[in-house]
Amino acid sequence: MSLLAEVRLVAAKDLRIEVRSRVLLAQVLPFGAIVVLLFAFALDPDRGILARVAPGLFWIAVLLAALLAIGRAFAVEQAHGARDGLRLAGLDPASVFLGKAAAIVVQLLVLEVVLGLAVVALYGVDLRGGAVLLAAAVAATLGLASTGTLYGVLAAGLRARETLLPLLLLPVLAPVMLGATRAFEDALDGATADAWPWVALLVVFALLYTGVGMLAFGPLWEDA
Amino acid sequence: MSEPRPRGFAADRDASLPLTPVSSVVRLRTAVCLLGRFPALAGLDLDLDAGGVVLLSGPNGAGKTTLLRLLAGLLPLHSGEATVLGADLGVDRRSHRRRLALVGHDTFCYDDLTVRENLRFSARAAGRDAAAADAAMARLGLEPIADVVHARLSAGQRRRLALAVALGRDPELLLLDEPHAGLDAEGREVLDALLRDARAEGRTVLVASHELDRTRALADREVVVRGGRAYPVEAA
Chain A
6 MSLLAEVRLV AAKDLRIEVR SRVLLAQVLP FGAIVVLLFA FALDPDRGIL
56 ARVAPGLFWI AVLLAALLAI GRAFAVEQAH GARDGLRLAG LDPASVFLGK
106 AAAIVVQLLV LEVVLGLAVV ALYGVDLRGG AVLLAAAVAA TLGLASTGTL
156 YGVLAAGLRA RETLLPLLLL PVLAPVMLGA TRAFEDALDG ATADAWPWVA
206 LLVVFALLYT GVGMLAFGPL WEDA
Chain B
11 MSEPRPRGFA ADRDASLPLT PVSSVVRLRT AVCLLGRFPA LAGLDLDLDA
61 GGVVLLSGPN GAGKTTLLRL LAGLLPLHSG EATVLGADLG VDRRSHRRRL
111 ALVGHDTFCY DDLTVRENLR FSARAAGRDA AAADAAMARL GLEPIADVVH
161 ARLSAGQRRR LALAVALGRD PELLLLDEPH AGLDAEGREV LDALLRDARA
211 EGRTVLVASH ELDRTRALAD REVVVRGGRA YPVEAA
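Top to bottom, those sequences are chains A and B.
Each number in my numbering corresponds to the 1-based position in the first sequence with 5 added.
Each number in my numbering corresponds to the 1-based position in the second sequence with 10 added.
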């Protein structure tokens, strides 16, 4: 079986589990929406501030909700020895990494669309620079998913994985937060030329962690 | 019930002796496997030829499960030599996995997937097609619950599913850890038939079991595991 076929197999399996369990719909999305709503309450009534800091608040909400999705991606492998079953399948670990990351990407893109609409509605943001917003969101999502998958498998082998995953992951994701927030700010301000270097940073980060993940996931997956 | 008489201390053999048969599926020499710091396998020797059913007996904690997991490549070899289906487990624990199947204490299945989905995922991952998964499902009598998610299965149904997952992978080497546990009388009959069929098809089956009389009746050989070492039992 080719690498692409293995990636599709793993991603389809993870997405089918998420659709069936409705964890994304019933838990992750509502959690993200509540975070967005709480920011609105905390900074109300000055809607001017909300509109100015909307990019940062949006990506913080995405990041916090992403932690749930990433933790979930590895929690499903813990029950009934499913992880051993996946190891026994003999799939290339790089395929498992890419498949799991792809499933997380799909979930995060759904999450970002819903939270983006909530931010526009609640924070009074005028959408501009659509191409930059789209490119930055996709690149940041790839970076989040690849980094999350790599650190997710690292934390999966630890006893206190639920609390350690955010501790391990959040500092590493600082460049994604910075790049995505600045790219969104520049795009919404109409300064798209200033936004593209941040998008480039996000692309480099995503490529770097995808490459590192494909190499490092195997040993971590075997020993987790 | 009397314990089978050990033939000798396998670990005392000269490791340089050419004991490996041409059709060897498993060859272990002074294999040591650690669980934490505890040597669950403490210098174990074992040779298995291709084809046939081998009973792995021994008390709880003797190292049977560890041995099966080592052979499946799920546990690392600490020292010694281990070759399974031609793969040297000291350097490569992954390449032989597609050619074997392990039925362990867990089902290796996903709660939110149905019986059919779990079987097809496992079969496809092993390079088999959906037809192989469906055939295994029919063989284990799981068709009536094909669309039931794993979380809603009874313990016996889960056991049958675990066996079907293994069968759907069409393995050359089948590793069964307490396969009778949780099965009803009908399920045990199905399992016995599976073991007979596996032997007839030329598969190599290693069964760790406490159902000694039942499994001995089907086995070609018996190996006692005790204290992390293996003691082949002489034929009667």
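Check the hints yourself; a few may be wrong.
To be verified - For the chain A half of the interface with chain B, some residues (derived, Cβ under 10 Å), not all of them:
1. L8
2. A10
3. R21
4. I22
5. D49
6. A84
7. G86
8. L96
9. A140
10. L183
11. R187
12. G223
Everything labelled a hint here was simulated from the structure, so no lab data went into it.
Yeah, the Cβ is synthetic: ideal placement off N, Cα and C, and Gly gets one too.
How the hints compare with the structure:
no.	hint	verdict
1	L8	violated (13 Å)
2	A10	holds (9 Å)
3	R21	holds (7 Å)
4	I22	holds (5 Å)
5	D49	violated (39 Å)
6	A84	holds (6 Å)
7	G86	holds (3 Å)
8	L96	holds (6 Å)
9	A140	violated (34 Å)
10	L183	violated (36 Å)
11	R187	violated (39 Å)
12	G223	holds (8 Å)
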